[in-house]
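*Asks:* Sequence:
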Amino acid sequence: MAHLEEMPLFPLQAVLFPYSSLQLHVFEERYREMVRHCVEYELPFGIVLIRSGAEVGDTPDPYLVGTAVRVQSVHTYEDGRMDLRVRGERRFRVRKIDDSRSYLVGHVEPVVEMDVEDNPRTSALVMRAREVFKMLIEGSFAHSDVNVQVFFPPDPTALSVVIASFLQIDDPSKQRLLETTDTADRLAELI
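The sequence shown lines up with residues 449 to 639 when you count with our numbering.
Don't take each hint at face value.
As the list claims (entries may be wrong) - Each computed EDC-like pair below joins lysine to aspartate or glutamate, with the alpha-carbon atoms no more than 16 angstroms apart:
#1 622 with 633
#2 544 with 531
#3 622 with 637
#4 544 with 453
#5 544 with 454
#6 544 with 509
Since the hints were made in silico from the structure, they are not lab data.
Build out the structure end to end from the sequences listed, making use of the hints.
*Replies:* Written out as structure tokens, the structure is:
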């Protein structure tokens, strides 16, 4: 087995995609310890969707594909609670879970996206995804006095995960999109 990266895991009732930001309120001591460790050593931690169990209390059973995040800002209260802003960087797959610490640690490898084929199908999917998403965003602001301009990342893979992060869909559907390694398939499902 190839070299696996050791990454602290933060199981949540949420799916986070690369390029997306998330606000977290950390109050359990085990996760405060994890955040302090990651901030001190400038390490990422992984956000994984909970398959079964709860965010608070016992250790939940997470899905095995998640997103590595970096702490962008942290505010610590006098009682030790923290407010964090994190940003998703990259996807990973957990190959082994170590539960010997107060928080879970995954031994992870990168999720490798298939090469995007430059063909008429992919070009059509990219164009259609941009059109549909732009209509969705503009429609959301149709009854306001806001002038909306929608800009898209030029990379089809980045486009697909950015769109996925904005859609109001259930977590299992988001998880399936996160786990998909074919950009064209992800775009087709988003459309």
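*Asks:* All the hints need checking, so say for each whether the structure fits it.
*Replies:* Comparing the hints with the structure gives:
1. A distance of roughly 14 angstroms separates the Cα atoms of residue 622 and residue 633; the hinted pair therefore holds under the 16 angstroms criterion.
2. Annotation: proposed proximity of residue 544 to residue 531 is violated, straight-line Cα distance about 29 angstroms (limit 16 angstroms).
3. At roughly 11 angstroms between alpha-carbon atoms, residue 622 and residue 637 fall within 16 angstroms of each other, so this suggested pair holds.
4. Distance check on the hinted pair: residue 544 and residue 453 sit about 10 angstroms apart at the alpha-carbon level, within 16 angstroms; holds.
5. With a C-alpha separation of about 9 angstroms, the suggested pair residue 544 and residue 454 falls inside the 16 angstroms cut-off, and the hint holds.
6. The straight-line distance between the Cα atoms of residue 544 and residue 509 is roughly 13 angstroms, inside the 16 angstroms bound, and the hint therefore holds.
In the structure shown, a violation is registered for the earlier hint numbered 2 alone.
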